[in-house]
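Chains A and B supply the protein sequences, listed in that same order.
Quick note, in the working numbering, the first sequence goes up one by one and the last residue is 714.
Quick note, in the working numbering, the second sequence goes up one by one and the last residue is 953.
Take these hints with a grain of salt, some might be off.
Claimed, not checked - To give a feel for the contact side, a few chain B residues facing chain A, derived at Cβ under 10 Å:
hint, residue
1, Ile780
2, Gly852
3, Thr902
4, Gly904
As the list claims (entries may be wrong) - Quick list of simulated restraints, FRET-style, between CB atoms:
hint, chain 1, residue 1, chain 2, residue 2, range
5, A, His514, B, Asn932, 53 to 61 Å
6, A, Ala653, B, Tyr861, 26 to 34 Å
7, B, Glu927, A, Gly588, 28 to 36 Å
8, B, Asn812, A, Thr572, 41 to 49 Å
9, A, Glu617, B, Asn907, 34 to 42 Å
10, B, Thr760, A, Ser466, 26 to 34 Å
11, B, Gln778, A, Asp556, 15 to 23 Å
12, A, Ala653, B, Asp823, 28 to 36 Å
13, A, Glu617, B, Asp823, 46 to 54 Å
14, A, Lys698, B, Gln778, 43 to 51 Å
15, B, Asn907, A, Thr572, 40 to 48 Å
16, A, Pro616, B, Asn810, 28 to 36 Å
Since the hints were derived computationally from the structure, they do not count as laboratory data.
For glycine and all other residues, C-beta sits at the position ideal for the given N, C-alpha and C.
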Amino acid sequence: MSLIKGLRRRPLIAIATVLAFLVSAGIAVWYSSPLPAKASVEDKQHLQNQLRKGIGSEVRFAARPQQADEAVASAAEFIHWRSGLKLTDGFKKRLAKAESDVLNHKSPRITVSELTDDMTAAVVDRLATLTDKEIEEAAEASSDANDEVRSRANAKWGVMSKTDLILQAQAGREWSRHGNAGLQIGLRSMIEGEVNDRVSTLSALLPEQFGNVDSQGVTPTQALLIAYSVASDDPLTDSRSDIAQMLLEKRMDERQTRAQRKAEKNVSGRPYGPNGLLHPSAPNLFFTKSAFDKILNLSEGGKKQ
Amino acid sequence: MKKALPLLLLLFVFILPGCGSGSSNTCSYGGLTPNSSYLLVFDVGNGATQQVIAVSNPYGTIIIPRPVGAANCGSVTIILRLNSNVPLSASPSSIDLTSPPSTAAITGQSFDSTYGMPRVDYYDGNGYLVGSVYATSVSGSTSLTANVPDLSSAYSGNYQIRVTNKTSQGYYSHTVGTANVSAYGRDRLDSDGDGWYDDEDCDPNDPYRNTFCNDCPEDPTVIICP
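Build the full structure now, drawing on both the sequences and the hints.
In structure tokens form, the structure reads like this:
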């Protein structure tokens, strides 16, 4: 029985690897995985502390519409520092308007199901339009020093070579262009799991900022942060100084010299995102204007009234 | 539909070349101490090894890419890395880089030369290794003496000296602790004045190139939603 289960899981792992990286350039669970029963209370407490020092303190979520600009600015800065992904002023302005509208009850919150659906649709759409150059750049940005790509930071869905990744991305692109229903089903299932993991973890461990989001939905800023976390495999934990110390200790553990550091190609110096030091990924492949319009309900000044 | 999905996905796997190789490139080790650092030493043939440092997840599992050259995931020695975090003291605690001392003494506890002389690593303020030597003598478990490594390329600033014991498994996997020292007499240079010191600037003489000299953008920032 376990063999059968294993065989059934194996394709899911493989397909997840392919699609997660080639299409959305990474969908992940790392520290933000829901902890199983055997995980200790100390582990949960530790994760909660890490989250509080990260997203919990560095992003100033809005409680009132007047705070929407500040919330968006802090979320944008949080993402930029960690991954190098930068939101333009125009996008931030539209996001702040959408955030304000939700807090004013002019627009509804985005339900977790809607977020999942919209992320899936955005990924499928994006996959169909990927160019070979974009795929190669994404593979480069996601690979480590050995030219290997981890499906997730903890490699839970496996590891593949950059070459394999490119081949599989191109195959996935063809599926999407032909409207393959199986692709959408498989992707949605995977994205649902990733989004739900984050929603349950954040709502349980950061109730001040994310309480009840599983039942009431998320604001556009929260949706942005969840989408970013899923796409980049950033667990949203730890303060800047914690991460700086983590990177320093990593260097010391690896006994890296400055000459070795200089010889490394395309290392961003940031912990996540393209060529990230803790986990490289290419969320920018997925983070396009149309994708965000879809995910954050930004088109036409808000939809789903 | 739930029953159909695995079959559907299985079909995709066989259609896609190389799909099945994804997970086979991964090595997974369970039953480890959760959230702990391990040294994994892979046999890569011809008597050579490759060492990988990895941290176990909260479930006590490590999943890593199989190192290139490793015949299989089973050809590995897994060693728990210990860090006693002992505060150490170094003498001298301040080093003149124009005339560095030939030896330094480090005091603390837990030094152990049973399986080999402890290793003494010098790191700069950013955690980069600048020199490494082995102790020449250990007295009891509380003090050791070691030659000072070549510091001719080091610059003024704060440094950490980390002492690591060799364990019964034959690897330097027990970090005893660190001592802090300062160095003076040779300030870092920024020849092109671009704010990046020469030793971290990929083109020390061009102010417009600093961190990315391999045909990459100077700023790795990616702008989304233009």
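Consistency of the hints with the structure:
| no. | hint | in the structure |
| --- | --- | --- |
| 1 | Ile780 | holds, 5 Å |
| 2 | Gly852 | holds, 9 Å |
| 3 | Thr902 | holds, 9 Å |
| 4 | Gly904 | violated, 13 Å |
| 5 | A/His514 x B/Asn932: 53 to 61 Å | holds, 60 Å |
| 6 | A/Ala653 x B/Tyr861: 26 to 34 Å | holds, 30 Å |
| 7 | B/Glu927 x A/Gly588: 28 to 36 Å | violated, 50 Å |
| 8 | B/Asn812 x A/Thr572: 41 to 49 Å | holds, 42 Å |
| 9 | A/Glu617 x B/Asn907: 34 to 42 Å | holds, 38 Å |
| 10 | B/Thr760 x A/Ser466: 26 to 34 Å | holds, 30 Å |
| 11 | B/Gln778 x A/Asp556: 15 to 23 Å | holds, 19 Å |
| 12 | A/Ala653 x B/Asp823: 28 to 36 Å | holds, 29 Å |
| 13 | A/Glu617 x B/Asp823: 46 to 54 Å | holds, 53 Å |
| 14 | A/Lys698 x B/Gln778: 43 to 51 Å | holds, 45 Å |
| 15 | B/Asn907 x A/Thr572: 40 to 48 Å | holds, 46 Å |
| 16 | A/Pro616 x B/Asn810: 28 to 36 Å | holds, 34 Å |
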